[in-house]
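Residue numbers (this note's numbering), protein chains in the order written: chain A, 579 to 716; chain B, 293 to 684.
Hints in this document: simulated from the structure, not taken from any laboratory.
All residues carry an ideal CB built from backbone N, CA and C; glycine is no exception.
A few of these clues could be false.
Said to hold, decoys possible - To give a feel for the contact side, a few chain B residues facing chain A, derived at Cβ under 10 Å: (1) Ala314; (2) Arg434; (3) Ala438; (4) Asn446; (5) Arg500.
One letter stands for each residue in the lines below.
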Amino acid sequence: MTSAAAKPTPEVTDELRPFFAAAREGRLVVQQCRGCGRRRFPPREICSHCLGRQADWVASSGRGTIFSFNVMHQVYHPGFAAEVPYAVVLVELEDGGRMIANLVDCPLERLRIGLPVEVVFEARGPEVSLPQFRPAAA
Amino acid sequence: MTHPLRGQYAIAGLGLTPMGRAYDSAMGFAVEAVRLALADAGLERRNLDGLMLNPGLAWADAAMGSFALQQALGLTNLGYSLTMNIGGATAAAMVQNAALAIEAGLCTTVACVFSDAPLKPPKPDDDGKKQGGSAAAYGFARGLSAAYGQFGVNALYALVARRHMHRYGTTGDHLGAVAVAERAWANRNPAAQFHDAPLTLADYHRSRWIVEPFHLLDCCLVSNGGAAVIVTSAERARALRQPPVYVWGFGQGHPGGDPLDTLTSGAPLAKRTAFAMADIEVADVDVAEIYDCYTFTVLVTLEDYGFCAKGEGGAFVADAGIGPGGRLPVNTGGGQLSSFYMWGMTPVSEGVIQARGQGAARQAPKHDVVLVSGNGGILSTHSTLVLSPLPS
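Just chain A, same shape as in the assembly (with noise of 0.2 Å):
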């Protein structure tokens, strides 16, 4: 059997550096920015609201609610041929900031708006660990 194509490594960059090291250690954070305290994800350079230009990682609950999906059912990169039809989850953070992810240990049915989940960690490649999320335990 031949192995299946690898899913993409995300690059780490000097701006997510941060996130991918902490993601490492088994830790999510997000960027907050030191002018007013928001909390945002994905990192900007800028504040959009303060206009802010510092900002620091801090540590996420990595608990959550679903703030809308979608499921992929074309497959775009070899890395998903086996994975369609897949979630990709925009998750709203208890304590601040949106990300997308992919669901995990959960059937497509029973993914809604509004369902809690919590953040695992997905080994991707040798250097990479990417924040996934599954329904909180109950």
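Based on these hints, arrange chain B on the given structure of chain A.
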């Protein structure tokens, strides 16, 4: 008091190349569209002194695209040149910029041009179905999006549509009603790519999923081709070959923020300016050519112009009827879903045809006030034109 620009400018020429699986370069399509638009207006190349280009994907990094197009067309002594890109809102916005440039005395006769060639010709050894589709052209993603398998614009609009369904109770039948209505219009338009293919709601539901909640038939028909319109003064337009299409009003609206929170396009902002200039209300609109990258975009845009209350777009398209014989004729050429996808030029071009009364089998019976909308990004940019065959 009448707005000083109301009815002072007109669209005097329209050029549409073959659309869909037609093969030429983006430049070739652009040049041909301008040639056709000039011929339609009864003008020569030397009459053009303004040129605007909205470069499609195939133009790639065309920062000076309008200059490249000028050179290809052999135009000299232009008084106005602009490459412009606010996505699908660009075409109607180009018409606005053209009017403003003429008003300022920079030029008198402006060609506004869009072209794209995202579809690659089939290779000799395959059936032509495997490659060159919208997946190849519009399925881009990088970084985290690619890592999570979220590719392309379809997936982003799907997130917004899902929120709309959650918040307002919009259903798949509502989305399908848009696809079915536009197909019925396309069946009356010999130039539409799906002219010969009727569509029922059941057919719609059977079409394969692309990214839920979107079926294939929720998504626009990515096309090769070129489209151009010629904008000039109302006075000059009256001396040209075609019946003038007067621009009664125009506006833009770029709301910023996150459409996932607002579930609203830029239409409310753009409408305020455009309807005030045109001195109309929503009830005055006879025909609406609404940007329709997805079925969902039509539904939400109709809400945002006030054809129905916010959140009731689904019921409006399903119950009131936007197809032939419906209460409001919408996307009478078949739109981007069933005719061709030329970004904002799809609604602009059909708006011109309807205002002129040249729609033949698909002509709306009343067409004194034609609304045209453009939309770009994820409900991010918006432009409005109010067109009419009447000078005032």
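Each hint tested on the structure:
Given hint, B:Ala314 at the interface with chain A, is violated; its Cβ is 24 Å from that chain's nearest Cβ, farther than 10 Å. The restraint placing B:Arg434 at the interface with chain A holds, with a minimum CB-CB distance near 8 Å, inside the 10 Å limit. This hint holds: B:Ala438 has a C-beta 5 Å from the nearest C-beta of chain A, less than the 10 Å allowed. The interface hint given for B:Asn446 holds, since its Cβ lies 8 Å from the closest Cβ of chain A, which is under the 10 Å cut-off.
For the restraint placing B:Arg500 at the interface with chain A, the shortest Cβ-Cβ distance is roughly 7 Å, inside the 10 Å limit, so the hint holds.
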